[in-house]
Amino acid sequence: MNILIQVIFGLLSALIVGAAMMAVTVRNIIHAALWLIACFFGVGALYLLLEAEFIAVVQVLIYVGAVSILILFAIMLTRQIEGARHLVTGWRLWVTIAICVALFATVLVPTLLSHNWNVPPPVIAEGSDLPAEPLAGAAELGRDFVFVYLLHFQVTGVLLTMALIGAIVIAFEERARRRRVLTLAEEHALREQKKNRGTEEQENR
Amino acid sequence: MAIQIDRGNIVAVTRGARKQRLLPGGAMLDGLAVIWTHWRESFRKNRDFSDIHGTFTEEYPDQQPKLPEAYRNMPILLYDDESGHELCTSCFQCQRICPPQVIHMTQAKDPTTGKPVPAVAEFIIEYDACMSCGFCAEVCPFDAIKMDHNFELSTADHPGLTTHKQALLRPISYYQQLAPSFWAAAEAGAMKKLEGSVKRRPDVIGLAPQLTEKIEARRRELAAQAAAAPPPAAAPAAAPGEARKLSPEEKAAKLAAIKAKNAAAKGQTAPPEAAPPATEGMSPAEAKAAKLAAIRAKNAAAKGETPPPPESAPPADDKAAKLAAIRAKNAAKKAAEDAAPTAEAETAPPADDKAAKLAAIRAKNAAKKAAEGAAPAAEAETAPPADDKAARLAAIRAKNAAKKASEDE
Amino acid sequence: MTQAIPLEAVLVVAATLFCIGLFGALARRSMVGVLIGVELMLNAVNINLVAFWRYLEPGFTGGLTFVIFIITVAAAEAAVGLALIIAVYRTWLTSNVDNVDSMKG
Amino acid sequence: MYDMLYNLINVVFGFNWPTWLISLIGHAAVAAILFAVAPFQMLFLTYYERRAIARMQDRVGPNRVGPEGIFQPIADGVKMFTKEDIVPKAADRWVHLIAPCVVVAPTMFMFAVVPWGPGMVPVDLNVGLLFFFAISSISAVGLMMAGWASNNKFALLGAMRSVAQMVSYEIPAILSLLAIVMITGTLSIVSIIDAQAGLFINSVDLPGVPDWGLGWFIFTPVGFLAFFCFFIAALAEGERTPFDIPEADSEIVAGYMTEYSGMKFGLFYLAQYVLNFLLCGMTAIIFFGGWQGPGVNWLYSQAISPANPEGMWLFNVLAGVLGVFYFLAKTYFFFFVMIWIRGAYPRLRVDQLMDFGWKFLIPLTLVNMLSAAIWVGLTRWGAAEGLAFIEGWSAGVRWGVAFALTLIINLATYIMMARIYAASQAARSRLELEELRDLAAMSR
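First to last, the protein sequences are chains A, B, C and D. The first sequence begins at 1 in the working numbering and counts up one residue at a time. The second sequence begins at 206 in the working numbering and counts up one residue at a time. The third sequence begins at 615 in the working numbering and counts up one residue at a time. The fourth sequence begins at 720 in the working numbering and counts up one residue at a time.
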């Protein structure tokens, strides 16, 4: 069983890292968004591997189903799909790379590897070689949301509402500024008006 | 409430007051119920059009549709069942009115007088471009063109959709069966007009080809009975036997014309009639004659640009003779083309002999065939006594020409 | 799972994702690109939280709760951020970060 | 299942393969069965739909290929396979290629949690219901990819419409299911089916009812309203006729499928029909008991199961066959209802669709959730939860009170919402009419 899990983990890590790399480097912003979706999906699968089923499903539902769609919509609304320079250039690029590599190679990885995480040994159930651990699932999560983290839960709800209202307010366009799509009757009326004006001018002359 | 827009005027049409229901959405259920009724009733066949339920489908290839009388697909031409006379008088009304201009026709002419006859010589409708408007049938004063009910016209042969008279003709009884009441209304006038035009049609003109063939077959039979004696000897043909299939009378006419031309052209050697039987023993003289014939043909071709005197001189009282003249010209031209290589072959002695022999044999065969074919055809063409009128005429002319030439010498 | 793969491996994957996201957020010129980088960083954090939950405290819901909150915040952030992008695009007709500099002194 | 496989391979044949390999083989086998079933469903449903809609329109439908035309879908499949695959020159090649796969893959994924009969579920996820809808939302990405990659305005328009529609209608769908989740207290699809044993009243609400497998949620007011909302939302998600705006062929050629041909087009078709099948199946599972029906539970109690290892294998087969029969019968019935609705109603306008989803269905589902809460409170709670006054009531009385109360709430809400909605729509059309009148007057 371990071999299978390790192989799957390796493939998923490759997918996550590769897709993320593509997402930040490709020129076409739509492709970047699609790579981002692939990355989200890989992360969701990793959650499944980590036995966090509810989180995995939520990841797919929110990130893949909502956030990425939102991003795609925004890209299509702004219509800037392929720019000439999609990344910063010159020294700024090199500094950025340096920051990221330095963070990764000198801070994060050494810390992660050197720190003793005190991982408790898995509880092995009797008569089986598989671990039988009490995993918190969706039911526990739901109960804790109501009993333990109620305030946080409410605050999150308020945050979401505010974000919703804020997004609407920011993106709202005044009706008057919007170019109206004319109905058939309106078009006809306009044409008639123009015609009338034309004949009046002629008469005036 | 429905909104209707009519050139800027808004007309609001309000329906009757809506029924208030206990449960909103009941009208949606009513809609579903209607569809349910249709679904349930569809398992029986619909009987007539007053019944709004049941399956209306006609399963076409198995079940032929019952077409209404006024259904129209493609135009057809009518002819009288009994006499075989076509109703069409080539008045060109349909050709004129046809919106996609797919109707083409030529008027028949009296072969003896050359005057137009109220009959059609060739009638073509391009079915592939026809739009089935039915104007031609509407406009036809003689009820000769009608709309067919046959719609199974699909084919892989696109040019084949250009339909000629032969394929367009249908007997009146066929149309009568398609549209009995329409024909009943038109019958009296149409038949009267047909009688009028039949009077002005000589011989086989204006007869449906189906019947023409029958008549011709009958005549051929008669001729075979009458002509027990061998046909008049045919002259050796200058042109090699053509692979092209010609109708017998055409061949005869051509032969005669060529004979005449040859006679006119050379005018020194013996009249061609004498030559053929002698050529049996393949003598060098014979080869020489054949070669000569080829050369003569060339000459004739060269001359052929201007109308040869024997053809233009006599009044072309016979249609066949006139045709023969034109054909002779063409044949001569072709003969010249064919002869050219033979003439060139003269320089090479061994080959030349062979070629000449071959040409001679071919010429003989062609002449024989022509002679055989000529008899019945010529009989059929005109009255029985003048069995090979055209050929004889041409032969006489040729003889005269030969005589004249010898005198000149 | 816990036997087959050490916690460090999962954390390293998360760290890599975080650094890539950081690079994207810093180096991309278009606003949507920056947003994509930020989303990647948030996902890296989520992986960390789930991994800690699974390896250290599988019986408690603390880690999962945080993930849910972060996802909520990310969704809110995406909504507001994209609304901003659209508003900016409407005003300046560009979605490049560098071109929006009217506040520059 | 995996124990059986393990026994078969390692004990019977003595191969001594490692457990991970056996596990992989087991998963692969289940996946292969599902992958074989899905296209078959699609073939059957296309034929079924064409025949049924033809009957509703007083026609016969396809009846030439094979007896009564049953090989028509196969002929269509052959046609699609042999057709030329055209990619527009200005299209984004790779995205254009991947889009149909992205649309099909989630629908195949969704089969993973669908129970076909008692004990016949590929994976019993404890968040199965959420999984189902999370995965179904992925296909929106595929539609977007298809629409964008085609480089065609109709395709993009269709994709935008379909994504907007899917995202909007996912909310009422999930909210209406949440009412059921509140009553059952679980997200596992298998548990939801198990909760529907009983006779018109399920055995969870009223212990002791005879178990005929008819304790469906449709017989409760909460379940009925949830069904109503869910089925409408399912029509919109599956792009069925009153909501087939994304591929409105009279407006925008074929929507996101415009630039697709051959088997890529076939894949979109496949995805659509499989999704419809799954949505009908989900309706059957959640509101109509899935495989529950008279006799199944009794048969299954005699069979080999985790609860009863001493059973007879014959009963496994019988219970499985009967259960699958009930499930498929219900599913195909709902598909028939979809066809029926297609035959009856015209297409909505885009703004009407959005109005209907956001202003009518979502409030209705929210009220339904309140009803569900009342239902749960009245049937399950007692003094411990602060409802001391119902402590003494018997289960039957509790059920009756809950039924009456939720019925009143739901019915009143429905009538009120429908009236308000109709009035608002009428006012809107009146406004439009006045605007038109003004314009007409201006032009004169």
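Think of the hints as simulated: they come from the structure by calculation, not from any bench. Please read all numbers here as calculations on a predicted model, not as lab measurements. Ideal Cβ positions, reconstructed from N, Cα and C, are used throughout, including at glycine. It cannot be assumed that every hint is accurate.
[Claimed, not checked] Stretch by stretch, here's where chain D covers chain A in the computed footprint (C-beta under 8 Å, at least three residues):
#1 31-38
#2 64-74
#3 152-159
Hints, verified against the model:
For a cut-off of 8 Å, the count of residues in the region 31-38 of chain A with a CB near a CB of chain D stands at 3, and the three-residue condition holds. Given as covered by chain D, the region 64-74 of chain A passes the check, having 7 residues with a CB less than 8 Å from a CB of that chain where 3 are the minimum. Here the region 152-159 of chain A counts 0 residues with a CB under 8 Å from a CB of chain D, which misses the bar of 3, and the coverage is violated.
Violated hint: 3 only; the structure is consistent with all others.
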